[in-house]
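Participant: Okay, here's what each chain looks like letter by letter:
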Amino acid sequence: MSLKPLLPYLVLAAAVVLTGLLVDNFYALQVLIFIGINTLLALGLNMLMGYAGQISLGHAAFYGLGAYASGVLTVHCQWSPWPALAVALALAAAVAWLVGLPTLRLSGYYLGMGTLGFGMIVFIVFREGGALTGGASGLVGIPPLTLGGVDLSDPQRYFFLVWTVVLGFMLLCRRLIDSRVGRALRAIHDSEQAARAVGVDTHRFKLQVFVLSAVMAALGGFLYAHLIGFISPESFNFMVSVRLVTMVVIGGMASVWGALLGAGLLTLLPEWLHAFADFEMIVYGAILIGVMIFLPQGLTRGLIDAYERLRRQAPGISSAP
Amino acid sequence: MQELLQYLFSGVTNGAIYAVIALGFSLLYNSTELINFAHGEFAMLGGLSLVTLWAGLGLPLPAALILAVGIGVGAGFLFERLAIRTVRRPDPIVLVIITVGASILLRGVAMILWGKDSHSVPFFSDHAPLAVMGARLLPQSLWILAIAAGLILALRAFFKHSLTGKAMEACAVNPKAARLIGIPTGRMNLLAFMLSTGTGAVAGVIIAPITMCSYDMGTMLGLKGFCAAMLGGLGSLWGALMGGFLLGILESAGVGLFSSGYKDAIAFILLLLILYLKPAGLLGAAKIQRF
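Protein chains in written order, with my numbering: chain A, 1 to 321; chain B, 322 to 612.
Hints in this document: simulated from the structure, not taken from any laboratory.
The structure presented is a predicted model; accordingly, all values stated were derived computationally and were not measured.
Treat the hints with care, as some may be off.
Claimed, not checked - Stretch-level coverage of chain A by chain B, calculated; a stretch enters the list once three of its residues show a Cβ under 8 Å from a Cβ in chain B:
id: 1; region: 14 to 26
id: 2; region: 47 to 58
id: 3; region: 121 to 128
id: 4; region: 175 to 187
id: 5; region: 280 to 286
Unchecked claim - Take a look, some chain B residues computed to stay more than 12 Å from chain A by CB distance:
id: 6; residue: Ala-449
id: 7; residue: Leu-458
id: 8; residue: Leu-476
id: 9; residue: Ser-580
Claimed, not checked - Sample of chain B residues at the chain A side, in silico, Cβ under 8 Å:
id: 10; residue: Val-421
id: 11; residue: Leu-426
id: 12; residue: Ile-433
id: 13; residue: Leu-592
In this text, a Cβ means the ideal position worked out from N, Cα and C, and glycines have one as well.
The whole structure should be built from the sequences, with the hints applied where relevant.
Facilitator: So this is what it looks like as structure tokens:
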């Protein structure tokens with residue numbers, strides 16, 4: 001890879017380092033950490049929805065699996081978080097593989113409903129898990145993270161941890177999209193039959209990207225659980241799955257930066273407009289409908305299109321080669 | 322025995338409600354090949370409208386019932402006109418997200434209008450519960466069954482004996498051919514939407530007295546109605562009925578046998594099973610309709 005395509009990522013990395021060093025407001029850091037976690041989740045879901053064209057309305061289940069697996073192991077079994085993370089990711093991957101095997105044979109609405117059903121079942125298991133999951137009131141006392149003797153509970157350090165992970169996965173996804181796998185996924189997105197006709201093993205690729213997005217969601221769950229120290233089923237309900245889909249759709253499907261934009265916007269929106277509280281659902285719904293009607297490819301694509309139109313209308317302004 | 326009968330009664334009552342909701346899904350799917358994720362919200366709209374019209378404004382029951390269902394029909398009209406027909410790229414993923422958006426929007430509107438509290442309405446008639454072999458049968462259960470049966474008969478008559486109904490069926494069978502012989506398919510789609518959301522509102526209205534009505538009651542109802550529709554075979558009206566009753570009875574058996582906490586999971590486990598084993602549903606056509 002030459003340096004030029006890396007440039008935006010370097011800019012983002014520089015921005016992350018600067019922000020991390022300059023901001024020492026606890027609340028601001030917390031919000032930025034949440035944006036990071038949501039970006040990770042949206043990025044994974046975007047790989048599935050935007051590139052492979054498969055909808056998942058139960059993605060919060062994997063987010064929750066990561067959080068609960070690590071939470072249960074550290075709280076009840078006194079494991080250290082890092083081996084718990086390995087188990088959580090492996091569990092999410094295994095579950096995604098098992099669920100994806102039959103589910104991804106479906107498409108469109110059927111797939112949406114299948115993933116939704118799966119998400120609901122996982123949510124109910126969290127809620128009814130009794131002493132193991134803490135039931136409806138949740139699991140408390142999840143220990144903070146330490147890495148090589150460094151205490152990561154400090155928000156500034158946690159910020160760097162989360163955003164390093166996010167940047168790493170953004171690069172990974174970018175590389176994946178530009179690789180043979182990425183081309184195969186886009187072929188599936190455009191036409192599954194055509195992809196199969198030219199020899200793409202569509203089922204295997206869909207399953208792989210489903211597992212990848214589940215693992216990324218579980219990692220997000222792990223980061224969330226050890227940040228807050230407390231998890232409850234409501235953090236992983238159907239509405240959360242919908243919110244994740246919203247992030248992907250608003251930001252723009254099939255775009256690594258769209259995930260960042262969508263996650264950033266939808267994390268900040270309620271923070272900015274606290275007066276919103278009761279109107280949050282109306283605004284969410286209206287945004288979803290409006291974007292789908294007017295910018296079905298999301299804000300990133302919509303903004304680029306608008307920019308190109310402007311440029312064409314005023315060729316004198318930007319005649320730079 | 323007595324306990325078994327009690328579970329059967331509650332199973333059949335819930336089953337009738339799931340059946341009516343499933344009917345709405347199948348009606349719409351038949352004509353437009355669309356699944357409305359906001360369908361349960363129209364049941365919520367019907368139930369809460371009844372709360373306001375009957376318990377709140379004191380309208381006579383029949384008028385309140387008709388008006389509440391009318392509100393569901395009108396909301397369906399607006400939904401189709403504003404959010405479905407305006408879509409530029411009607412990809413399934415786009416339409417799924419629009420209906421999901423609409424469900425959140427409707428829930429948000431209902432939360433503003435009716436607040437976060439639960440509301441209740443009295444039974445349609447104040448007869449004492451009947452004792453059948455030691456089990457209690459609520460008169461409201463009979464109302465639910467009677468109204469569901471009436472709705473089904475009316476729909477059947479509409480599809481079999483009216484010109485509009487036949488035209489709608491023609492659109493469902495082959496939209497292109499229907500357009501060629503001069504059936505206004507666009508208007509038929511709109512009508513299918515209104516019929517579907519109207520039946521959703523009927524479900525909400527009849528369930529209102531036996532449950533607490535709140536702005537978030539629709540999601541679960543809609544999801545379970547969808548499970549029932551899938552169970553019987555999406556697009557098949559008889560399948561919707563069978564799926565509804567089957568789900569209701571299995572759920573109530575599950576509550577009896579296991580715990581009530583896992584009751585909600587039964588519908589989704591059945592959904593996954595049917596999706597994996599026989600996506601066309603128990604009564605569905607042999608062809609697996611994808612969109």
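Participant: For every hint, state whether the structure bears it out.
Facilitator: These are the hints, each one checked on the structure:
1. 14 to 26: It is violated, with 0 qualifying residues against the three required.
2. 47 to 58: holds (count 4)
3. 121 to 128: n = 5 at 8 Å, threshold three: holds.
4. 175 to 187: violated (count 0)
5. 280 to 286: As far as the region 280 to 286 of chain A goes, the hint holds, because 7 residues have Cβ atoms under 8 Å from chain B.
6. Ala-449: Answer for Ala-449(B): holds, closest chain A Cβ roughly 36 Å.
7. Leu-458: holds, 30 Å
8. Leu-476: Check passes; 23 Å lies beyond 12 Å.
9. Ser-580: violated, 7 Å
10. Val-421: The hint holds - Val-421(B) has a Cβ within 8 Å of chain A, the shortest such distance being about 6 Å.
11. Leu-426: holds, 3 Å
12. Ile-433: Nearest chain A Cβ about 6 Å off; hint holds.
13. Leu-592: Holds: closest Cβ of chain A sits about 4 Å from Leu-592(B), inside 8 Å.
Going through the hint list in order, the structure does not satisfy hints 1, 4 and 9.
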